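2 protein chains.
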Amino acid sequence: MSESLVVENIRNAAGESVTLLIEGGRVAGLGSAASLAISDSAERLDGAGRIILPGLVDGHIHLDKTFMGLPFVPHIPGETVAKRIAAERELRRTVSLPVTARGGALIEKIAVLGTVAVRSHVDIDTEIGLKGLEQVLSLKQSHGHLVDIEIVAFPQSGIMRDPGTAELLHKAVAEGADLVGGLDPAGIDDDINGHLDAVFAVAERHNVGVDLHLHDGGPLGAFELRQIAERTIALSLQGRVAVSHAFCLGALDGADFGKTAELLARAEVSIMTNGPGPVPMPPVKPLQAAGVRVFCGSDNIRDAWSPFGNGDLIERAGIICDRQDFRADEDLERAFDLATRASGAVLGRPEPLSIGAPADFILVGCGSVAETLAKRPFDRAVFKAGRKIAEAGRLV
Amino acid sequence: MSESLVVENIRNAAGESVTLLIEGGRVAGLGSAASLAISDSAERLDGAGRIILPGLVDGHIHLDKTFMGLPFVPHIPGETVAKRIAAERELRRTVSLPVTARGGALIEKIAVLGTVAVRSHVDIDTEIGLKGLEQVLSLKQSHGHLVDIEIVAFPQSGIMRDPGTAELLHKAVAEGADLVGGLDPAGIDDDINGHLDAVFAVAERHNVGVDLHLHDGGPLGAFELRQIAERTIALSLQGRVAVSHAFCLGALDGADFGKTAELLARAEVSIMTNGPGPVPMPPVKPLQAAGVRVFCGSDNIRDAWSPFGNGDLIERAGIICDRQDFRADEDLERAFDLATRASGAVLGRPEPLSIGAPADFILVGCGSVAETLAKRPFDRAVFKAGRKIAEAGRLV
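For the record, the sequence lines run as chains A and B.
Residue numbering for the first sequence follows my numbering, beginning at 771 and increasing consecutively.
Residue numbering for the second sequence follows my numbering, beginning at 771 and increasing consecutively.
Wrong hints could be hidden among the right ones.
Copies of the same chain look alike in the list, so a pair counts if it works inside one copy or between any two.
Unchecked claim - No more than 27 Å apart at the CA atoms, straight line, and that leaves these computed lysine-lysine pairs for BS3-like:
(1) K901 with K879
(2) K941 with K901
(3) K853 with K1055
(4) K1145 with K879
(5) K1158 with K879
(6) K910 with K1158
(7) K853 with K1145
None of these hints come from the bench; they were simulated from the model.
It should be emphasised that the depicted structure is a prediction, and the values quoted were computed from it without experimental measurement.
Could you build the full structure based on these sequences and the hints that come with them?
If you want it as structure tokens, here you go:
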């Protein structure tokens, strides 16, 4: 898009009347109409007094896993992560719709809810090979006008326990994955050094970032976090490494927490949480106070891991509020920030709604961020690269 | 209503085609059309292949507290229960809409979501007196066609620390409250015996049930639970006493849990949970295994205690699944049961959809209870006493 679009009659999160000027799909100005250089030929759109909020950024999703588009699939129980992995591989063989259809249905669903970018982990193992990756790469082409997709090559079945996976991870990154992932070096692979050697070797050889799943709890998980942070510093990967889940951070004594958080901050390792219900979760404020960036994502959405999930990051921010006992406006804003500014920064996006940033935003009929989180309006106008892509629960 | 209504083309939760016969607002039969004595003059309604599920029963709500109908009210923080009580009393003095308007707006909202009955706690203290009660009693008249209301006279500001409250509780029950409540005998009133003496004296004198709020944690809370159970047995109130929240049950060692659960089961004391996020919650399966009835409710909905909440008990059952790590169909059904059969039993309602029970039910376009919880459809047809009161998110 090269033309100009002016969104009038909107308010910012503080409630002030503002006008947004978009040029070439990017923010060219946001402020009083008088302060903007609006050309006479600019297209004009009435925001109907709604507030403008940054587009939502899902820092952790699994586009290849979802059953979206299929009839309801009852959950197959598995008490351990290892058993669930086996159950998922079993189910995967029978699923009738390809990833392009299921992931595409999920993207359309979340786009309507205001998600403008995602980091998707994609399973890489010696059975599925790079097939899931190829299909998510194809979604990047077919659905990029709705949602930006960043891909993590994710060894869901382990690396050491599934020989051949390390080579596949190299290949995945060579073929288009943006980062390399990992999974419970102790709990799944029983070999902390071996697992981390393999993951960081991919990161180093291909100069990509890292995002590992870590479910291992308590002091064991904390030890692994520190190992990850130390390798991050040793390889000068500061700011490019994230750990997803890191339940352990919610169940440490003060000294272990302090030591671990300090090292994570120094290594600029970010922590992703979805506000899990049945396990401890990383404590948001103490981590932020220690200088650790916390961001959020949906994780599983109607897949072999969970029958639940709808990809609504405004609801997700509210879930994090519930788990963290956030009730005051400034805390609700803090949770919303995890799903916008913080997730965006992890994905390498510019400050939301700053000059030059993609014009990815939503308009909602609420008076503040806090009210938006509390009410979760479904009537959201969603703009991607300056184009309105959804309104009132439907793609336009 | 004396006429007959036949709801055809529906399925039960197992997916079997059934027909529902309603007479005089009550269930007269549910099964194959051939098995029902349907008169020729019966009105007929097409269920469009949807499944029939019991109407939802909210075992814990605060109709008098909600700010529903008002512009968004930012939360005033208070780190302790006592500070929150003070903050709420402060806010209460300035709220411009009466309870009849706010509570009425909440009832209309939850009726559309399929709630057919609630147990509402109503604040009784020496400042507000019985004013809140009078207004909720008036809601019982004005909104009884949408939702049945059971009222607990709730000493939100304590009993011992707010002298005169005990007398008000007697008066409240005499004037129409259905049960007497209580609040943290140790944590708020600093006098376990004094508080419980006062509460159970009201129950005994007026022959009403009891539903106490208990936030006190760990072994202290468990001690109070056992005191409540022992008084319940001593006064032959088995089956008529409930404790709401009882966070302590989620944080006990095995022996303390076992001893407490055994006594609760023997005293037939029911436990209400809303699946709280920031604190331990009563473990559903272990309590049920010990013979304790667990039921659920929404608790605060956009009031001085929380800016969140929407009264959707299908979502609430899902929150409980999240907190209890319930994923398999049978566990999702277990959670749904807390919000239907179990809550209903606590409120003294007959087995849902049994012959003679009120024809209070919902129709949803899902294939099972599990799918309903996972998808949370907003398009629900809601029937109260055999009359359709809502469809597709609106009262009819």
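Within, between, both or neither, where K941 and K901 count as close if Cα-Cα is 27 Å or less: within (12 Å within a copy, 71 Å between copies)
Within a copy, between copies, both or neither: where do K910 and K1158 come within 27 Å Cα-Cα? This pair counts as within: shortest intra-copy Cα distance 19 Å, inter-copy 46 Å.
As a check of your reading, is K853 near K1145 (CA-CA no more than 27 Å) within one copy, between copies, both or neither? Answer is between: at 25 Å across copies they meet the 27 Å cutoff, but 38 Å inside does not.
Identical-chain pair category, K853 with K1055, by Cα at 27 Å: Answer is between; shortest inter-copy Cα gap is 22 Å, intra-copy 34 Å.
Between copies, within a copy, both or neither: which fits K1158 and K879 at Cα up to 27 Å? Answer is within: at 15 Å inside a copy they meet the 27 Å cutoff, but 30 Å across does not.
Status of K879 relative to K901 across identical chains (alpha carbons, at most 27 Å): Result: close within a single copy only, 23 Å intra versus 46 Å inter.
Intra/inter-copy verdict for K1145 and K879 if alpha-carbon distance must be at most 27 Å: both (19 Å within a copy, 13 Å between copies)
Violated hints for the displayed structure: none, as all numbered hints are satisfied.
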